[in-house]
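Two chains, two frames, a set of hints: combine them into the complex.
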Amino acid sequence: MSVVRVAYIGCGAVVERSHLPALLGVENATPTVLIDLNRSQLELLKQTYGVDNIGTSIDEFLDEFDLAVIATPSASHYALGKQLLSQGKHVLMEKPLASNYEQAKELVELSDRSQKVLAVSLVRRFLPHFQLFKSLLESSVIGQVVKFEVEEGGVFNWPVQSASFYNHSKSGGGVLIDNGAHLLDALLWWLGDFKNAQYLDDAQGGVEADCHLDLTLSSGAQGTVTMSRLRNLRNEISVYGELGSLSMSLASGDIRLKPHNSRVVLGGQALAEGVATTPSVLSLFEQQYRGVVDAISNNLNEESSIVLANECLPSIRLIDACYRERSNLDSLRW
Amino acid sequence: MSNKSRVCVLGAGGAIGSQLVRHLLSKGYQVTTVVRRLSSAVRIGRYDINIVQADLLECSTEKLVDILDDHCALIDCTYSTDSDYDTRISQSTHLANLICDAAEKANVERLIHLGTISVYPVNAGDVSEETICIPRGDAYADAKLAAEKVMLSRPTKIRSVVVLQLPVVYGPFMMWTTAPVQQMLGATYTMPDDLRGRCTPIYVDDVATAVALALEINKTGAEKILLSGPEALNWGDFYREFSKLSEDLKLNFVSRDQLNKLVEQGERQARPLNALKEKFSNDGDFRQLVLAQFGIRTVYRWLKRRRGQEGMDVIKARIANQIDTPSDLAVRLISQHTIHTYDTMPAIRSDKASRLLGFNAEISFADGVKQCGDWLRWARILK
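Chain order of the listed sequences is A and R.
Counting in this note's numbering, the first sequence runs from 12 upward without gaps.
Counting in this note's numbering, the second sequence runs from 323 upward without gaps.
Bound-form chain R, shown alone (with noise of 0.2 angstroms):
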């Protein structure tokens, strides 16, 4: 087979670069992936392909030469998840490089990198491709930001490189799915009425389409090119569509001062939550007090297969994660870090994707919303 339809997936365990996979598979090409964790790799090992397993920040150039020999093209959906700020930016940086040598040794011809719209400024409006970016004190956007620098910047044998920029990516699997509909399942979401950012939501498989264009693209050179879904939403509206799949997603709109009063009142009501936390760091009679407040079942959900300190990890992240968000609440309100992100994010100003890939969003937001619901009755995430 000729190396033209040979391609590599880096990252292909996860939401986009599974089904990525899976669109790729149906154009023709042959697709070889990488991931960190084979465990990640169930949706894809469905598919006849070769799926290689490597954690990157531990390999060598000539591995990934190795693994990219006779591959016509790459595409990195990978990205550093370290917590500490400064290890997550070096990271970033060190997996670009990586990734350009190995690509440029190994002769592939293209090289397709995930950016994400987040590496723009905060309120920055409306953006295009020639705003101008500056690190923001953010782990995720600066080690995005990084990592799309080295893509660029570097001179490089590879003869495209694009750097595609997406904004909020949801469908089957993805987070902008699920995490919309679990918080605003078993209580009433409440959000302000009034936030300010815009939101370009593109569904999973036209991300996949613009990857595909991407592979395509007549141009030499690199160039970074932004992508966003049909429709520029407020905020209000995305979680509206979803509240729309079914009578169990509650959603509320108040004004600041109101929410601002309901989280004085939620901060009380979680105090004997935290009394417990303290009582949990103490250990003494940890795991009575775990089952007495949570119960087997959901404890047992929870651990799986982990036991030992691991388990206990879990456990005492578990606990803190719902006493950071009291859950149990009949209301269940917006962290102000989730209002700050809904406050600022931009808009995109650019038709680049059409001139450059012909590309143009397909899905309506409530038609992949639709889809969606499908999905999560089928995960059981909906009734």
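Chain A extracted, bound-state conformation (with noise of 0.2 angstroms):
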């Protein structure tokens, strides 16, 4: 197979710390082209990954890569991934897909028009602990889910390198479609679709640190979902069954099983088959590029870790209620 031309639109923190060093491990593709506004970072990636073609716009490298990495901030995404798609490229999106529902649906249809292949970047979904919780929840080991209850949050110190971050025009958002776009991609990976949601942020104008939502699924389940960039919650998921009830650490991957009227509670971690250790963010990200090639040479197999962009709109279609239908947190006060 030919090896797959990889361009990068976008080279700020991600794309530094997790695409380019997880793209070296992958035999058939390679980084071709950098794109971004901050010429020295360019001057940085060439150096470091012996990149030839960078630059300020993808218009002038067209011929140079077959794969797209659009990793700029999130309301560009649409009209980049439009533009890509319709020029016949394969995209791998930074998560989110899009800002809202209507441009995520948009993009999905064009891909499958150009047969060309739209992924997500949400690597989340092959941490085995995120895989097992799955499997567990779909063996009715504790039976039909009932309530549910997710917090994820710390004190924030992602290396941001634009402003635009905080631009709810040019991010999208805050907390809820940064780090819910994985969450909400996961809960309802888990648990299903959602039927209604309400939901409260701290924003005032800019983008909110601190959110909350209290959402009822199409089972018919009920549970809350917090989130901040302020605070270190729990960071945990616990899952309540008619059964029994299943937990897991979204930061240690720890499991933990305790059926109804039991006073015993089986827990451990879960890894994946044959390996010993959990896996490295490193190589989540080589996992998704060999998944990616192989949807690109038509290789898709069950084992592929890709996540497909129809696979998101769920998540996509909540994030953009919740924005629609905003109220104010008391947290406001600090």
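These are computed hints drawn from the structure, not numbers from a lab.
Where hints are given, some of them may not hold.
To be verified - Each computed BS3-like pair below joins lysine-lysine, with the alpha-carbon atoms no more than 30 angstroms apart:
#1 R:Lys541 with R:Lys479
#2 R:Lys427 with R:Lys471
#3 R:Lys471 with R:Lys572
#4 A:Lys100 with A:Lys127
#5 R:Lys705 with A:Lys269
#6 A:Lys57 with R:Lys385
#7 R:Lys546 with R:Lys385
#8 A:Lys93 with A:Lys116
#9 R:Lys705 with A:Lys158
#10 R:Lys385 with A:Lys181
#11 R:Lys583 with R:Lys572
#12 R:Lys471 with A:Lys181
#13 R:Lys692 with R:Lys705
#14 R:Lys427 with R:Lys546
#15 R:Lys572 with R:Lys385
Given below as structure tokens:
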């Protein structure tokens, strides 16, 4: 198979820390184009990865790549995705797929029509504990799910490189769209689509740092989701079913199963078959690139690690609904 | 919009800066903020404001003039944190000169610099703005003094320069709230029963009120103004009030003789941890030893997204910190450095803030600590 040539549009922290180092481990893909507005960042990455084609616009390099990785502020995802799919390129979009549901749906339709791969970088789905959690829920080990609680938050320390991160019209939002793209995607992947949501956050013209959702799922299960960039939360999901409860630490991956009427809990770490350790973030990205290459060469199989764009539409619809119907949180006093 | 309402806050990502931005917005000001790291802007990023990333230590006067263009006032909440004494003093002086230069060139009318009571001599007893300050060998205090000196003594075109000297400031996100609580959490914080210094804690919202009043000061020229909270306490009272927030906060007062005995006992108990530190420094089975001693959850919490050498440095720093303050012991002893600080902190005798600004702190310590309790529970620091 020929080598997939990869263009990076937006070369901020996630590309520098995760995408480019991971691509080094993939034999049949290579970086060929780097696009960013920050020249010094481009020069640094050019030297590190030996990529000659660098610039501030992708238009002059259209013959130099097969797959575009879009990692710009999320407000530009839709326009760039639309342009590149129309130009016959495959696209791996950093999360979120788009700023709203309509745009996301349009991109999915466009990828269907153009027969090009449109994947979303939702690498958490490849974590062994995320996969085992799904398998356990599907096995009905805790019976019909009745209730759930999810909390994820920590004092923010991501090396943000542009102030547009705090501009709602450019970033698409704050902690809800940033963390929620992962967390809500996983939640709906585990528990099924949602029916309705009540949403509160602390944004006052900027982007929210703390938010809370009361959620009812199509299955009838009800629960809460809390996310924060300001405080250290439990970083845990607990799901309560008719037969017992299942909880998981989002950080360590510890899973606990507690049957009703039992005073004993089954707990432990999820590991991929034949592997003794939890995969690193880089190995998840590497896995993802292999999955995208599989998809491009029509070799997708059940083992391929890829999240195709249509799979994340429910979480985009949820995030969209939240921003449309938001209320103020009372934590605004600080 | 008239520039009369445009204010620039330098160091707006800090705990005081963030609260100040919130207060100024509520007063109708249009606020531009400058932060060194964009990751620190999460709180202020909730508002519709202009956020500029700039490391002022590497910033030209021209760039800062551009940022300040068409602003009526500049509020400086910055300070150097360099670990080297001389570097810190020179950075602090450089920053103050840069800020004054840029403010003059940008025709800023008002400059407010947040100073500290720490510039006053140790064991000074009661201090006022007339008390003479000289360097005392402490990097934080002397660097702040160097900055104040520049701000107050430079001939300037700026209509009014106000240095607000702050005592202990407490409130949400403030070190003077999280530190005492964390000291009393998980072990009994043990301190002498006869600490001699005074404490005039001011709630962060009162600081924001004072800054807003300083923006409207009629007097021209340079002034330094001491702020204080509504009460002068001793340090035992300061800790006692926080300890009321939760049964999980444990506090004990002992005589200095008893404390010395506990220190000796603590050193004996810390020896195994020190031996572990030796082993860590030889690397070898570093990872296994760290995991065995502290557990994967704790290590993960330390590391978050930091990897490689940065991650290793974090682990080593955390271990060193745990060993220096043996937090796994049931008793957590106050450090000698802290005793010295609390023994020598002066009391404030000044009504200048009231006379010049019309400022009198309104939030009583008991009420302020109650509000901190709400925040501490929200932040999950307390149950």
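> Looking back at the hints listed earlier, which ones does the structure fail to meet?
Replying inline: Hints 3, 12, 15 contradicted; others consistent.
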